[in-house]
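Undergrad: Protein chains in written order, with the working numbering: chain D, 2 to 203; chain C, 300 to 868.
Hint data in this document are derived by calculation from the structure and do not stem from the laboratory.
Keep in mind that this is a model prediction, so the values were computed, not measured.
Hints should not be assumed to be uniformly reliable.
[As the list claims (entries may be wrong)] Keeping only pairs whose Cα atoms sit at most 30 Å apart, straight-line, the calculated BS3-like set for lysine-lysine is:
(1) C:376 x C:351
(2) C:376 x C:578
(3) D:51 x C:351
(4) C:764 x C:491
(5) C:376 x D:51
(6) C:578 x C:351
[Stated by the list, open to error] Here chain D is said to cover these stretches of chain C; the calculated rule only asks that three of the stretch's residues, wherever they fall, bring their Cβ under 8 Å from a Cβ of chain D:
(7) 346-356
(8) 488-500
(9) 705-719
A virtual CB, placed ideally from N, CA and C, is assigned to each residue, including glycine.
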Amino acid sequence: MEHVSRREVLRQLALSMTAAGSGVFNIEAARVVHALVAEERTQPEGYTLKWLSPHEFATVSRLAELIVPADEGGGSGVDAGAPEFIDVLCSQNDQLADIYRDGVAWCDRVMRDRVRSRFVEASSVQQTTLLDDLVVGETARRRGALRQGVSFFGWVRRMTVDAYYTSPIGIADLGYQGNAVLTSFDVPVAAIDFANRRIQDI
Amino acid sequence: MASIQSTPETHDVVVIGSGAGGGTVAHVLTGLGVRVTLLEAGPLLDPLEEFKEHQWPYDVAHRGAEDGGRRYFGRGKPFGYFTTTSGGWQLEGEPYTVGDGSEFQWFRSRILGGRTNHYGRLTFRFSDYDFKPRDRDGLGVNWPISYDDIGPYYDKAEAFIGVTGSREGLRSAPDGVFLDPPPPKAHELLIKAASERLGIPCIPNRRSVLTRTINGRPACHYCGQCARGCRSASNYSSSQVQIVPALETGRLRIIDQAMAREIVTDGQDRVTEVIYIDKRTQEERRLRCRILVLAASACESARILLNSTPRGFSDGVANRSGVVGRYLMDTVGYGLAANIPALEGMPRYNSDGAGGAHLYMPWWGWERQEALGFPRGYHIEIGGGYRMPSVGAFSGMARAEGFGVGIKERARREYGTRISFEGRGEMIPNADSYCEIDPDTVDRWGIPVLRFHFEWSDYERDQAKHMAETFRALLELMGGRPGAPSLRDASGISVGGSIIHEVGTVRMGDDPRASALNGFCQSHDVRNLFVCDGGSFVGNPDKNPTLTINALAWRASEYMAEEMRQGTI
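For reference, chain D alone in the conformation it holds in the complex:
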C-alpha cells in the first residue's frame, strides 16, 4: 500500500476512535493498519531490539520457529512476532529477562557439549533432538541436568504460542470471525445443521 493512503487510513482510524460515545469503530481500517504494521515488522530495519542481544534474539527466533512452524494453515511463531513480543516483555521485567538470558546460555552450553556449536548454528536435527529431550523431561519424574532447560523451554513455548494465537495470522488460522460490528446476530444454517446432526447422537 502507498504511503499516502496509509497515512490516510491511520488518520481515519484515529478519528473513529475519538468519536466520543458514537460506538462506531472502523474495524476495516484497524485491519489494514495492523496488516501494514505486520508487513513492516518483517523488514530487517523494522524492529529495534529492546533488550535481547542479536544472538539471543536469533536463538529465540529459531525456537519460535521450531515450536510453531509455518504450514499450509499459517505462518510461524516468528511470522507472528513472537521474538519481538518476548524482547519487549523482557525489556520491562528483570525476572523475565533473566529467564531468557540464562535460558539461551543454557541452550548454547548444552549444544556445545553435544555438538561443539551454539544452538542456532546446530543442525535442525540436532536442535529438534534437544527439544525432544526437553519434552520428555517435562513429564519425567527426575529431570536431572535438563531441569533448567525444561523450565526455559516451557517459557518460550508458552509465549510463542500466545504470540501466535494473538496475532492476525494465528487468529486467521483458527478461523475466529468475531470482534465485528453487526446489526443483527444470526447463526449460519450450516452451523445449525451441523449441531442438529450431532444432537442425533445424544
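Fit chain C to the known structure of chain D by using the hints.
TA: Coordinates of chain C only, in the frame set by chain D:
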C-alpha cells in the same frame, strides 16, 4: 492530614456509591425532582480511556500478558487486561483482613458505576418463594416484603435498563418485561438437547443487553465484549445508563475521589452529616444532608455504619439490632468444563453474539427439594463458542503436544469445542459468616478496615456436589470427559466472596430487634438513613443480585421522595 472543613449547604439526599444501587437512586430521585449529591470513592469514568472495546490482542505489544508479562507471574488484572474492572481483589492501601481459619475474597471497583461496568449482565428476578424461605423449609429468615411488593419495581427496572428474555411460566424464574432474546448459538443447541434429556429446562438467557434501540440507547452490535464496558451503552451499567440521564436533569452533583468515613448524628437519631476523605487532597470534609443513602456495596456500607459510633450508637449507627455486618452471604459457585469432540469440524462462524451465553438453565427442582437432599437451588450458566483467542488460552494444549505442527493441528481441531458450566446457587445465611471492624488495621486514610469470617455449611457443600454430578452428566451426555473442577477447595466449591455476590450485612426485616432496615431499605433506628445496595438482602437466592438491587433501590427512592414531600423525613 485533616483540616476539617464544613460546607454550610445542606444537601437533600447524599448517596454514597454509584453502582447498581446508587445509580438507581440517583436516576429515580432526580427524575422525581429531588436534588442528589453522589459520592464516589474512585474517579469519574471516561469510556474512551477505560473501555478497551474492539481492541485486538495484537493492538498492544504485550498482547494482553500486560507490561513485563505480569500475567505470567500471577499479577495480572483480574479477568484479564482487556476487561474494565478498575478494581480488584486487593486495592493498594485499602486492605481487609480475614479471621483465622476463614477464607474470603472481596472484589472492589473504585470508579463511577463500580462493578456494573464489567459484570455479567445476568438479570434474574427472584421467585415468589425466595422472599419467604423460612415458610418453605424452616431455614433462614423471611423478607418483610413479598414478590407482589417488588414485582412492579422489577417491571420498571427492566423496562428502563432493557432485558432480553422469553416468557416461560417457570415459578423459579418469573417472567418479566423482556426484549426479544438473540437466537441460540450453534453449540448451545447441543447443550439444550442434552439438558432437556436430563429434564433440565434450557431457556433464552436474561441479560441486560439491548436487542433493539430503547431509551435513546442503540441496540447491541454483537461484539461480545460486555466485560470490556460498552461505549454505545447497549448494555446496562449504572454509570452510562442511569447516572448520565440523572446528570442531564441538572439535579445530580457528583463528588468523585470521595472516601466515606463515618456518619454524624444529632443525638436524636437523625443523620446530620457524612464525613469523607477527599482523596486528592487527603483532607477530611463534611457534607450536611437531609437524607443519607448508603449504596457503597454490602460490606462497605456495613463498614461505614460500624465505623460510626456517635452517642447513642455504641455498636454503630443503625445497629441497635446488632445485625450490621452479620449474615454475610455469597453465591455458591462450582464450575466444570470439557472439550466436546462432537463439535469438532463445525463450520466456523462469528459466535460472539450479545456477550455471554444466549441460553441458561434456571433451577428446576423446587418441587422436589426433599428428594434432592439439600435445600434451595441453583441455575447453570454455560460457556462455549469460538472466542477471541487470548493469552494463555492454548498453553495447556501446547504443553500436551510438545512442539511443532501438532500444536497447530490440535488447536484447529479443538478450537471452539470447549463447553463449560458454572453453577450459581443459594447460600443459607449463617452466624459464622460476617464482617466486623478489625481493631488493629486501618487503611491509608486511617479508616479501620473490615475483617471477614466466612463458613459454608453442608447445605452449600451438598448443593455443590449436586452441581458436580449434574455438570458431569451433561458433559458426558455430549461425549465430553471433564477433568478437575475449575474452582479450588477439596469439594470444588468456590471461595466465599469470589462470585462477587456478597449481600446481607444490613438486612431488612419486620422486627427491629433482628434486622437493621424496614422493607423500604430504611433504618429502623435512624429514619433518614437508607441502605440501597445488597446489604439489605435477607437471603441470597441463586438469582444474581443486580436486578433485585435495582428494584429495591427504585422502590426505596419512590418511598423517600414521597416521605420528603409529606415532610416526614
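Undergrad: Looking back at the numbered hints, which does the structure fail to meet, lowest number first?
TA: none
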